[in-house]
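Residue numbers (this note's numbering), protein chains in the order written: chain A, 1121 to 1420; chain B, 5 to 319; chain C, 5 to 425.
By construction, these hints were calculated from the structure, which means they are not laboratory data. Some hints here could point you the wrong way.
What the hints assert, rightly or not - 30 Å max Cα-Cα, derived DSBU-like pairs, lysine-lysine:
| id | chain 1 | residue 1 | chain 2 | residue 2 |
| --- | --- | --- | --- | --- |
| 1 | C | K314 | A | K1275 |
| 2 | C | K366 | C | K48 |
| 3 | A | K1408 | B | K249 |
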Amino acid sequence: MADAALARVHDREAAAAFRRHYLSRLAIYGLLSIFAIIYLVPLLVVVFNSFRDQAEIAQNGLIAFPRSFAFHAWADAWSSYCIGGTCEGMKRNFMNSLWMAIPATILSTLLGALNGYVLSKWRFKGSEVLFTLMLLGVFMPGQIALMPWAFILGKLGLTNSTYGLILVHVIQGISFTTLFCRNYYVSIPDDLIKAARIDGAGLWRIFRRIILPLSPPILIVTVIWQFTGIWNEYLFGVVFTSGREQPITAALVALTASGTNVRNYDVMSAAVLIGALPPLLVYFFGGKYFVRGLTQGAIK
Amino acid sequence: MSTIDADAGRISGADNPRPTWRERLVRISPILILAPSLAASFIYVFVFTIWTLYISLSNSSLLPSYGFVGLDNYASLWSNRRWNIAYSNLFLFSAFYIVGAMAIGLALAILIDQKVRGEAIWRTIFLYPLAVSFIVTGTVWSWLYNPTDGIQMLVRGLGWTDFNFALASDRNTAIYAIIITGIWQSSGFAMALFLAGLRSVDPDLVKAAQIDGASTFRTYRRVILPVIAPIFLAVAVVQIQFAIKTFDLVAALTRGGPGISTTFPAIYVYDLMFQRGQIGEGAAAAIMMLAALAVVLVPYSFFIVWRHRRESRHG
Amino acid sequence: MTFTWKASAGLLTFALLSGTALAEPRTNLLHQWATGSDAAAIAKLGEMYTAAGGKWEQTSIAGHTANTLAKLRADVIAGNAPPAVQLKGPEIAEWNETGMTANLDELATAEGWEKVVAPELLPVMKPTGSWVAAPMNIHRINWLWSSPKVMKEAGVEAVPKTWEEFNAACEKVVAAGKICIAHSTADWTDSTVFEVVVYGQDIDLYRKAFVEGDVDALRSDGMVKALTQLRLMTSKYMDPGMVGRDWDTMSAMVGRGDAAFHIMGDWTIGLLTAAGFKEGTDYTCSQAPTDWGKPGFILNADSVVFFKQKDPDFIEGQQLLAKTILSPEFQTVFNQAKGSIPARLDVDLSQGFNPCQQLSQKDLQASIEAGTLVRSMAHNMTIPQKYRGAIMDTVTEFVNTPAMTPEQAATAIADAVEAQM
């Protein structure tokens, strides 16, 4: 008898708990959906516009579902739109950016990993101060560095070349990559390193055998960070290269800045998407590792 | 490989000493590895800053020159209306942008942390703006804010004919248009950091609180958030450096307008140094930007060093 | 078009001559005409340059002028100044002072530039007596673009000639429920309208304030009067949509018949033509109002400055480029595309040019004779950038701040300029 009463009470409580649970789930998904819509609208507007006819955009405004559907804006933006007197679209600039961003990303990540490893596992007197010094590079505003860089690149004979830009991006990136890697490696138990040293492993061997195999999460974080940052950088790209050597951001600004003729929102939209595609892909495929890498210690 | 030889030597005993040059090399190799990066960072941070500081005290106009004029450039800078607007915009923007991005980032992180389905999809949606350059972001949002073609036209088209959405076109509110766009762009990053933090909280701690009968809200407020407090600092520092460097976003979104209401220090520096041929005053403005950064950074650096000292002392 | 043949023959001879020399002329022009008809016009320059035997390269930098200048500075600091750069007005003089610009005197004498180039451009192109720049065109700023359709609807019979008539016309247009002035606010558009007002009201004040940069003139009652007119125009005759509107859509408002008037330079022709509007039916062009009853002309010119080079190929290339730019053939093709008129006064505009361009050339001559020709402040042809920037900042702030009085604005403008001295 008593048991049955207790069971009923439990049932009622369970039902209430279930209802509460159900409502809170609804609220969670509702809120997430609202945010998701706000986050996605700008992307959708551009994607739609890239497939709409210019005439239709002019008639129905910038925000509307496509009534027409055409791919020509993409083809135009990629290979035939006229920018800076040459009608080759953005494909050259796109390749320039790849040739700049990939080596610069790899180099700065590699240096960051080495620096981070030394600063966390081979500390010496004053290494903390040096680390703080390198950290300051994170905060330098680009406008300050523009003229000194121009001077240095001129002295090195690296103006108007992709190598010059790679150098600039690697040095400006070191602070970030070192910060990320150092904080991650600190969480690797020192005992592991000590054991290896007792076994006679040297600095390089430990790096290759112990540190690198544990590094993928943080390396992915730095690669994502560096690649998107370098790909999206405009000021240095436009100032330190000329003519056909310019990166994609220069072409993007050329396309989106108002000229003296009517704007082609369809081609602009396609161009914007082409220009944003590589970092977007990096995020889509690496996003999971990004959060995981951050979870495992990059944020200390 | 030589390392393997070295290992063999070490294992076989102390009576087989290695050449001293090798020992010495091993001892200094940490410094050798750091040296190139250190030298580069040193030039990048200190030499560049000192050079800019000197230029700010010089009579540089069209090109850098080295005639000393004392604090003239600073006097001229602070008597300029546009600079004063730019500097106060920086603080207004930073405050709203950092708090906004943190609040929304934290809210999103907590929502996603509720064991939702399709976590990867939600995360990707909130993170993707971070991949998009400020130039693209600014261009697209300027379409949305456009009073004739953007959101206003859309809503009016839906029958709400006296709907007004001229956020970016009113000099009093244009700064908020930039703030909203900035938050849209970077709250995903705050979310990722907070989510990372929430995942690192010891599950036993949470369980203990729940057993004590604390509500979800209370658990977060009393147990989880205090644990991830350092993350607030990390997010804030990253956001502050974004805020102070804000350039592309404003350039693409409002070009400093309407009027001069959304001028920012970075834009002012760039305009003076490169457009108007006033390199001296531009450098002075750049130094003031660094000063604003220092206000935040100097205490932060001390905190970092102190924490690292403590870390190394305790283990 | 006889000059075409002559010019080609001249270029051909030059090409042959340079072919005999060891140097192979080449150049790289740094400019900001990255898109649309501007880019097409520059592409023509490239074609002609190549046809004349030169090796053509260009670096076009879109967007803000600051980007072009940043690149120029970076290149100069890096120690490799570009061979040819699009630079304007006082910047030519400023760069000339650094001693880095190349001297074109020999070529200028051989080609007789002195006699054919518009006299008002001479002090700009040769700031210290030597030619350092080659002018490409002459833009007119003080244009009034009108919509015959809107004027008729509102009962405005004739295009206004004075500011009084203009205000009266606007009252009628506004009463008829139309926008009187198509505008899009930005520092340079606001300043364009403002300088046209100052010029139209008091040409002496214009010269003192905007050409000489006289602070007292900027603070004067005349300036307050001009600002009062500007306030009337922005508050009543322009629509609130002027904020956030793209500048390249203003002219279409006149073409479509949404607005009666539009005050802007002659690049408007390119926009109107591209949008399919016809002169005479969709729009008309006339001199912007003046209160002193003479033909007037506010001039703006684009030009190319040459920097000293070490490589003989580039030195040779500079000569060839300067020569090509000032050839009547290029001046014709380029300006037909851009809406401006040739910097040479001896080019016949009777064929292939828009009626407004023909009028522009006629008015230019007339205003030279009347002594009313001035250079544009808003388009960077007079005072140094730092003063111009200070004026433009304040003017656009005035336009966007209804609470600011004309007196306050005049003081603020003068103070801002004074602070830069």
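Pair hint outcome, K1408 of chain A versus K249 of chain B [Cα-Cα no greater than 30 Å] | 28 Å, holds
Does the alpha-carbon distance linking K314 of chain C and K1275 of chain A stay inside the 30 Å limit?
-> 17 Å, holds
Would you check the hint for K366 of chain C and K48 of chain C, treating anything up to 30 Å between C-alpha atoms as holding?
-> 26 Å, holds
Checked against the numbered hints listed earlier, the structure breaks none of them; every hint is satisfied.
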